[in-house]
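One line per chain: the protein sequences are A and B, in this order.
In our numbering, each number is its position in the first sequence, counted from 1, plus 745.
In our numbering, each number is its position in the second sequence, counted from 1, plus 745.
By construction, these hints were calculated from the structure, which means they are not laboratory data.
Check each hint, because a few of them may be wrong.
Said to hold, decoys possible - For lysine to aspartate or glutamate, the following EDC-like pairs were computed, each having C-alpha atoms within a straight-line distance of at most 20 Å: (1) B:Lys-931 with B:Glu-963; (2) A:Lys-1024 with B:Glu-975; (3) B:Lys-800 with B:Asp-828; (4) A:Lys-786 with B:Glu-854.
Unchecked claim - Simulated coverage check for chain A against chain B, where a stretch passes if three residues somewhere in it have a Cβ under 8 Å from a Cβ of chain B: (5) 766 to 780; (6) 793 to 806; (7) 815 to 827; (8) 900 to 914; (9) 937 to 951; (10) 991 to 1000.
A virtual CB, placed ideally from N, CA and C, is assigned to each residue, including glycine.
There are 2 protein chains.
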Amino acid sequence: MAATIKDIAKKTGLGLATISKYLNGGNVLEENRLAIEEAIKELDFRVNEFARGLKTSKSKTIGVVIPELSNLFFTSIITIIEDILRQKGYGILVCDCRTDEKLEYEATEFLVNKMVDGIISMPVSKDGTHLKLPLSKGIPVVLIDRKVEGLNVDAVLVDNVSASEAAVEYLIDHGHREIGIICGPKDIFTSHQRQLGYTQAFVKKGMFPRQELIRYGEYTVESGYACFKELISQHKSLSALFVTNYELTLGAIIAINELGIKMPEQISVIGFDNMHLAKVVKPRLTIISQPIQEIAENVARIMLKRLLQERVDEAEIINLSTKLILGESVLEKSLE
Amino acid sequence: MAATIKDIAKKTGLGLATISKYLNGGNVLEENRLAIEEAIKELDFRVNEFARGLKTSKSKTIGVVIPELSNLFFTSIITIIEDILRQKGYGILVCDCRTDEKLEYEATEFLVNKMVDGIISMPVSKDGTHLKLPLSKGIPVVLIDRKVEGLNVDAVLVDNVSASEAAVEYLIDHGHREIGIICGPKDIFTSHQRQLGYTQAFVKKGMFPRQELIRYGEYTVESGYACFKELISQHKSLSALFVTNYELTLGAIIAINELGIKMPEQISVIGFDNMHLAKVVKPRLTIISQPIQEIAENVARIMLKRLLQERVDEAEIINLSTKLILGESVLEKSLE
DNA sequence: ACTATAAGGCGAAACGTTTCGCCCTCTATA
DNA sequence: TATAGAGGGCGAAACGTTTCGCCTTATAGT
């Protein structure tokens, strides 16, 4: 049915090996090159990737396992990675594991069976059990955003502790003492890190963080909305709020707006992730901005590096820092 | 290196054909079945999908081409589709074409070269040029959300005209006359449909829609925010607003909140897409809700159907209807 | 003029499945 | 007892590449 390199060979009068060499970027006589190209066009020849894969054991496909496909932070990163990898001929096979460890394990095994050349994972599982299989098969793994302890694997991280610490310190420096924080799920790496930064900022300033001002939710809009309402109803004197993810921030903002609470007069807010939100909310939100582009580029770069070299040297751990982008949502509070 | 069926055959003393039969669900003596299963476990055997694909010409992979991976409506659908297809052994290869026709074309060709068994597309191109290639190769195509004229292809659509008409009619019935609408890009199918419904509602009621109350933007939060601000600044007397996509709605709500405009007292609002937003905003938003689950299920079902049967009969066009979900964001306005 | 070297071309074998056509064995029926 | 048919098993060929080792020709150096 479809044309094969045999057809091209027949049509051009050249040998199989020559056609193959051409296809793989080898040197071929100018004259032959033209003949081959013409034949390819004419017969609408496309390399059969099954056959190629069978010989080379390469699928030119990268598996991606993420907790939620509906989380904007994740998809923003994936989009960029996909872009870069596609230009190098790689496709991405995406699996959403719904923040479920078992599904994450199954998805990873599924991808390995689908012969992916590499795996990009934003791990849910704490110990990275799901990565044992690909690693044992020599399939390169690059982690995003969440580190797995005791696993010598490339990772692109964001310094969440410092990010969080900087935000809270900034609030403290502006005279705030009753600072609430809305975190994601308790057992997620980044969530924990951000809470840690909150605590550290207080400690650093010689104060004690108050546990009752810490709220854990899901990384969703609803959760941000609900957490803030609960927090403010129990602590009317709250003077500042730090929200640790885009969706949570969105929810909190909606709640603040709706309750008619003036920002920053009545409450100062620092949000998370430099996306639509900060550009849109008035007064402009002060936010912790994660370097999405940089994260994606590093992940893609490291993955491509691993795909080329088989000699596996030391894992590359990139720790990117966030930026505190000043808006007008934090008020200087004079301490009386 | 890795075990092959030859190894399984050797280990069990059975023939190649028998192992293959077992792997593909054929009948095998109970005794042999156990032996094979043990050997598979022991050798950690996994079918080599390259070899299988070479013989069967099936990759068990579906290509997905979408305009934006950061659009929640799209990703919500994809998540569900992925879930269903994965259970049937299919993986999805995702390409984001950034609402660009040329990229869409390239992405589709890329997917065909990657030997996908089917393609799911939310088309950007009006005439569906990008689909010619897969169709000519007999690769099933299922369209989502946007129809392509003059192409006999399965599609799962939403009746956007009626949806929009219903929303606007509802507003008119509640006494509103100065009704603004914020649409997506002018040349996108759904955007056009929604604008059409707006116009039809007025015509049906014997009135004329006012062009100056129609705004076109991007399907983004910023755009919704900007469009609303512009609209309200030019039409202070606006009494109601219909926003035609999730991100746009989000932007508009933030703007309304920020301007201190009371909803629904000063402005009645109908939003789009039943996600976080409607659940969170107070007073509860009245919205047009698209049947995301149903869309995804239908797409997956049709795709699976096409993958099984080779006889291609008439294209299946599903037209799902939206629901108007009542909240408290629309005020009954007495006509004086 | 002769040789060394480089550039390019070539076919055969191999990658690991599936499937076709054929085989054997066992049971049921005449 | 003879025979048909079902159930299960088997090896060889084929799918379309890549790559190894070898061959031919052209060029450069002496």
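Hint check results:
In summary, the hint linking B:Lys-931 to B:Glu-963 is supported, as the alpha carbons are separated by about 9 Å, within the 20 Å threshold. Between A:Lys-1024 and B:Glu-975, the direct Cα distance comes to roughly 16 Å. Compliance with the 20 Å bound is thereby established for this hinted pair. This hinted pair does not check out: B:Lys-800 and B:Asp-828 have alpha carbons roughly 27 Å apart, beyond 20 Å. Pair hint A:Lys-786 plus B:Glu-854 holds up; C-alpha atoms about 14 Å apart against a cutoff of 20 Å.
Check result for the segment 766 to 780 of chain A against chain B: violated, 0 residues qualifying (beta carbon to beta carbon below 8 Å, three or more required). Under the rule that three or more residues need a Cβ within less than 8 Å of chain B, the assignment of the segment 793 to 806 of chain A holds, with 10 such residues. Counting residues of the segment 815 to 827 of chain A whose CB lies closer than 8 Å to any CB of chain B gives 7, which reaches the minimum of 3, so the coverage claim holds. Counting residues of the segment 900 to 914 of chain A whose C-beta sits closer than 8 Å to any C-beta of chain B gives 0, which falls short of three, so the coverage hint is violated.
Check result for the segment 937 to 951 of chain A against chain B: violated, 0 residues qualifying (beta carbon to beta carbon below 8 Å, three or more required). Taking a C-beta to C-beta cut-off of 8 Å, the segment 991 to 1000 of chain A contributes 6 residues in contact with chain B, enough for the three needed, and the coverage statement holds.
The structure fails to meet hints 3, 5, 8 and 9 from the earlier list, while all remaining hints are met.
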